[in-house]
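Number of protein chains: 2
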Amino acid sequence: MKKIIIYDTTLRDGSQTEGISLSCRDKISIAKKLDYFGIDFIEGGWPYSNPKDKEFFDYFSKKKLKKSRLVPFGSTAHPRNPAGKDKNLLSLLRCNTEYVTIFGKSWNLHVREVLRVEGDDNLKIIHDSIKFLRKRKRKVFYDAEHFFDGFKADTDYALKTLKAARDGGADELVLCDTNGGTLPWEIKEIALRVKDELSLDRFGIHCHNDSGLAVINSIVCVGEGCDHIQGTINGYGERCGNADLVTIMGILQLKMGYKAISPGKMKELMYLSHFVSEVCNVAHRDNYPFVGGSAFAHKGGVHIDAVIKNPLAYEHINPELVGNKRRFVVSELAGKSTLVTKAKELEFNLDKKSSRARKLHKLVQKLEKEGFQFEAAEASFNLLLQKELKKYKKFFDLLGFKVIVEKREDDKLISEATIKLKVHNRMEHTAAEGDGPVNALDNALRKALTKFYPILAEMHLTDFKVRVLNEEGGTAAKVRVLIQSQDAKDNWSTIGVSENIIEASWQALVDSVEYKLFKDSKK
Amino acid sequence: MKKIIIYDTTLRDGSQTEGISLSCRDKISIAKKLDYFGIDFIEGGWPYSNPKDKEFFDYFSKKKLKKSRLVPFGSTAHPRNPAGKDKNLLSLLRCNTEYVTIFGKSWNLHVREVLRVEGDDNLKIIHDSIKFLRKRKRKVFYDAEHFFDGFKADTDYALKTLKAARDGGADELVLCDTNGGTLPWEIKEIALRVKDELSLDRFGIHCHNDSGLAVINSIVCVGEGCDHIQGTINGYGERCGNADLVTIMGILQLKMGYKAISPGKMKELMYLSHFVSEVCNVAHRDNYPFVGGSAFAHKGGVHIDAVIKNPLAYEHINPELVGNKRRFVVSELAGKSTLVTKAKELEFNLDKKSSRARKLHKLVQKLEKEGFQFEAAEASFNLLLQKELKKYKKFFDLLGFKVIVEKREDDKLISEATIKLKVHNRMEHTAAEGDGPVNALDNALRKALTKFYPILAEMHLTDFKVRVLNEEGGTAAKVRVLIQSQDAKDNWSTIGVSENIIEASWQALVDSVEYKLFKDSKK
Chain A
1 MKKIIIYDTT
11 LRDGSQTEGI
21 SLSCRDKISI
31 AKKLDYFGID
41 FIEGGWPYSN
51 PKDKEFFDYF
61 SKKKLKKSRL
71 VPFGSTAHPR
81 NPAGKDKNLL
91 SLLRCNTEYV
101 TIFGKSWNLH
111 VREVLRVEGD
121 DNLKIIHDSI
131 KFLRKRKRKV
141 FYDAEHFFDG
151 FKADTDYALK
161 TLKAARDGGA
171 DELVLCDTNG
181 GTLPWEIKEI
191 ALRVKDELSL
201 DRFGIHCHND
211 SGLAVINSIV
221 CVGEGCDHIQ
231 GTINGYGERC
241 GNADLVTIMG
251 ILQLKMGYKA
261 ISPGKMKELM
271 YLSHFVSEVC
281 NVAHRDNYPF
291 VGGSAFAHKG
301 GVHIDAVIKN
311 PLAYEHINPE
321 LVGNKRRFVV
331 SELAGKSTLV
341 TKAKELEFNL
351 DKKSSRARKL
361 HKLVQKLEKE
371 GFQFEAAEAS
381 FNLLLQKELK
391 KYKKFFDLLG
401 FKVIVEKRED
411 DKLISEATIK
421 LKVHNRMEHT
431 AAEGDGPVNA
441 LDNALRKALT
451 KFYPILAEMH
461 LTDFKVRVLN
471 EEGGTAAKVR
481 VLIQSQDAKD
491 NWSTIGVSEN
501 IIEASWQALV
511 DSVEYKLFKD
521 SKK
Chain B
1 MKKIIIYDTT
11 LRDGSQTEGI
21 SLSCRDKISI
31 AKKLDYFGID
41 FIEGGWPYSN
51 PKDKEFFDYF
61 SKKKLKKSRL
71 VPFGSTAHPR
81 NPAGKDKNLL
91 SLLRCNTEYV
101 TIFGKSWNLH
111 VREVLRVEGD
121 DNLKIIHDSI
131 KFLRKRKRKV
141 FYDAEHFFDG
151 FKADTDYALK
161 TLKAARDGGA
171 DELVLCDTNG
181 GTLPWEIKEI
191 ALRVKDELSL
201 DRFGIHCHND
211 SGLAVINSIV
221 CVGEGCDHIQ
231 GTINGYGERC
241 GNADLVTIMG
251 ILQLKMGYKA
261 ISPGKMKELM
271 YLSHFVSEVC
281 NVAHRDNYPF
291 VGGSAFAHKG
301 GVHIDAVIKN
311 PLAYEHINPE
321 LVGNKRRFVV
331 SELAGKSTLV
341 TKAKELEFNL
351 DKKSSRARKL
361 HKLVQKLEKE
371 GFQFEAAEAS
381 FNLLLQKELK
391 KYKKFFDLLG
401 FKVIVEKRED
411 DKLISEATIK
421 LKVHNRMEHT
431 AAEGDGPVNA
441 LDNALRKALT
451 KFYPILAEMH
461 LTDFKVRVLN
471 EEGGTAAKVR
481 VLIQSQDAKD
491 NWSTIGVSEN
501 IIEASWQALV
511 DSVEYKLFKD
521 SKK
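Order-wise, the sequence lines are chains A and B.
Counting with the working numbering, you get residues 1 to 523 for the letters of the first sequence.
Counting with the working numbering, you get residues 1 to 523 for the letters of the second sequence.
In case anyone wonders, no lab produced these hints; they're calculated from the structure.
Certain hints may be false.
Identical copies go unnamed one by one, so any copy, or any two together, can satisfy a pair.
Said to hold, decoys possible - Pairs of lysine to aspartate or glutamate residues, derived as DMTMM-like cross-links and limited to a Cα-Cα distance of at most 25 angstroms, are as follows:
| hint | residue 1 | residue 2 |
| --- | --- | --- |
| 1 | Lys390 | Asp351 |
| 2 | Lys52 | Glu406 |
| 3 | Lys465 | Glu368 |
| 4 | Lys152 | Glu224 |
| 5 | Lys309 | Glu118 |
| 6 | Lys369 | Asp463 |
| 7 | Lys369 | Asp411 |
| 8 | Lys420 | Glu433 |
| 9 | Lys489 | Asp35 |
| 10 | Lys420 | Asp410 |
| 11 | Lys412 | Glu388 |
| 12 | Lys465 | Glu370 |
| 13 | Lys309 | Glu113 |
| 14 | Lys465 | Glu406 |
| 15 | Lys478 | Asp410 |
| 16 | Lys33 | Asp58 |
| 17 | Lys402 | Asp154 |
| 18 | Lys393 | Asp411 |
| 19 | Lys124 | Glu98 |
| 20 | Lys465 | Glu278 |
| 21 | Lys366 | Glu18 |
| 22 | Lys188 | Asp227 |
| 23 | Lys131 | Asp520 |
| 24 | Lys299 | Glu113 |
| 25 | Lys394 | Asp411 |
| 26 | Lys87 | Asp58 |
Kindly generate the complete structure, drawing on both the sequences and the hints.
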């Protein structure tokens, strides 16, 4: 199987999506996940233009990735600077990576009106910038920005820019459809002309989705020299986005017989797509090819009937190949073996075929359908199992709580919570204020419980995430709250789901405290 | 300009989308809008399988459309029925339309395993069903279901099914990629083989998006015999959706020189896309090619600078051609020129070098540092500018609100909000319950305001996002709320930031309502 190089720019082009804003920590977690998947190259950012990106590269200069290679991105030198003194190029070197990517201008319109230099000067800038980086032992990917528009406007000049890059020593020439306006047959014709004119044996491609054609434009030359594809997970990116690598990897590997990632990882493609959307805090689209929640969902009797007779009837691939699953819109099928394993951790021998296992399985499916997501909240899952397997020990009884947020005419805002609970038949009724309703409730709960369980003072919350599940529900939408807590030894995560954010937070808060008490009681 | 026939199946295939459920009234309003746009054919539904669809056709038997032709959809006769007694075919006749569409089986797997008849019997069914409809003076579109899969499995048989349809008198043979798994070069090769084998001068195409290729698969044969394209507005449809007619019409007409709709209507393409998403009650995706809210949005200083010099620099078409517009996204990356441009939209001449511009620029930077992200909340930014430029008109005064969430011993949870405000010196004090505190507040605000501003009933929230900014702050962390709202014409987004989620939601809610009132007051 011929390998196609996958070059991910989620952290650079993808982070340009309107509404996506990644912290350095977010970027690190995505990079680690891409590394786990063995994505060949990860474009980490533009260190010169964005100080946040510098922090990211600093992190990975100490903590190396296992499989992927990290690449910083930048432009050719500024027209006024000699390459060796260009801060942008120097910032690339400072990332201490094997590869760097720089982009340059291919389109005479850009050279003239945006860069505002003579055509020959631009050629020299491209050549010298790459040569400088090569001298410093970097391998260089050259992104020929607007290449196809440039080729249409002035073929001769566009070709000259590529020759300058090649002569400068670029390791791969990447043809970019920056405005996303080129049609696939144009892409193919132009790319093959380039290959011919420059006697290339291979080239790369970088496409944008402004005409809804980024996927096809990225694959139309595979098999004819294109062996390097740039894109983003879920097609994130400015305007209409970049080429979606998830779809592209699915097509290359499952339909065209090329290798994009290892087959084992292909089976987790849906997970990758989900993970990235989660970190980007963007809802995962149900209609994503291959990995969407609806991609193998069958509705309507005729289709369901046919698919039961033979899945091929209405499925273009086996959903398991990408970690997705067939759904008959209402009922879902998840594995019971996980439950057995988890029960074992609680020293409970659960028979996979028992009615108890069946009941538990149904309960989990029901909760997941309601929006619980236990893989991100194992402590809550542990407590759930304890309850179902009658191993649960109650640490307190809630009698009630009340949260008040009041905005008065002087514009002052007050959040207050009162809570009434019982521990070993002793009642406690406390009140606390806070920065917002959830914090007030959190404060009141701790105030009430720490009296009885002083060890609670050892733990604290480290992470509080809120996710609206059905965003189209507007302010009545269901909300999922994930809380991460830690003490000196462990960290654990808990979950709550409700239309009421106070209730969802309450569930996660209580689980967090109960799990701490449970795990310490075992010792 | 050669005309390509546009055949819309939003009301049939599109209504199969998970999460979309259209009432008869919804369908009628979409049909009228498609008629206004001069879409050639509107597949209204499957009257036999869906009684709601019968009502729809009854409505239009009295009230004719002006430009479009309505088409009912159905299957070939049931194997046990002679065509003349098949209830499904008879229900098509009862719609009293000039055209009807029926689908039949092309794939031997389906004939054998789903239909469970002999191959020759299926050929006869196809032939007789069409012949019967033709005798009753109907023009017939024949949808060859799973044609490409069928052709790959048994070329000879698949071709025979088409010949049966042609011999029965079908007016157009439509090749369907029902499972959406075929690659564009396969589509082209097979379609041209068909054209050749059957000596066709034209054919139609119907594609699904399971591989993210429905758009290219629909247009790959235009110019080589394909003159009829079936799809849906915004690509709605089961699983990963159907071919998106909005993108297809954009490409055909603006990039390939064909005629899909009148040029005047092309300028309202964005409106069509919005209108349909609104009736389907689905948020309009910002990254839609041509018509998305982000499709011509520029972020980052380099791009903005270049586009100001020449829009071609980063735009594949002039956004006005489809009724969209260029936007300079406000973000920490952007400079003062964006402010000037935005002020101009408010008919305010802001001098880039004035102290006012400097002050404004500093304010935006300060707010963005606090967690505001105006690029995702242009309506809030617009209101902010109005306030700073003294162009702001207050629609109401808040005197105070109070939100109470109470959990009682019976585990019942109650959320109630009270609100006191003044409009034109009239006081309003109302209360409302809700699914959670934000929804209660939302309900109370609308209840209080709709009395004075009945147009608020036209708008609704489509998206509600919560993002914890400094997650490590635990329950006291700062929260950013983004709300998206829409009415029949526009969508707009607003923002609120606070440690208190109620306060953050309140800010976004108020902006959302104020923006609606502001934009309607301009007319």
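Unsatisfied constraints (hint numbers, rising) = Structure breaks hints 2, 17, 23.
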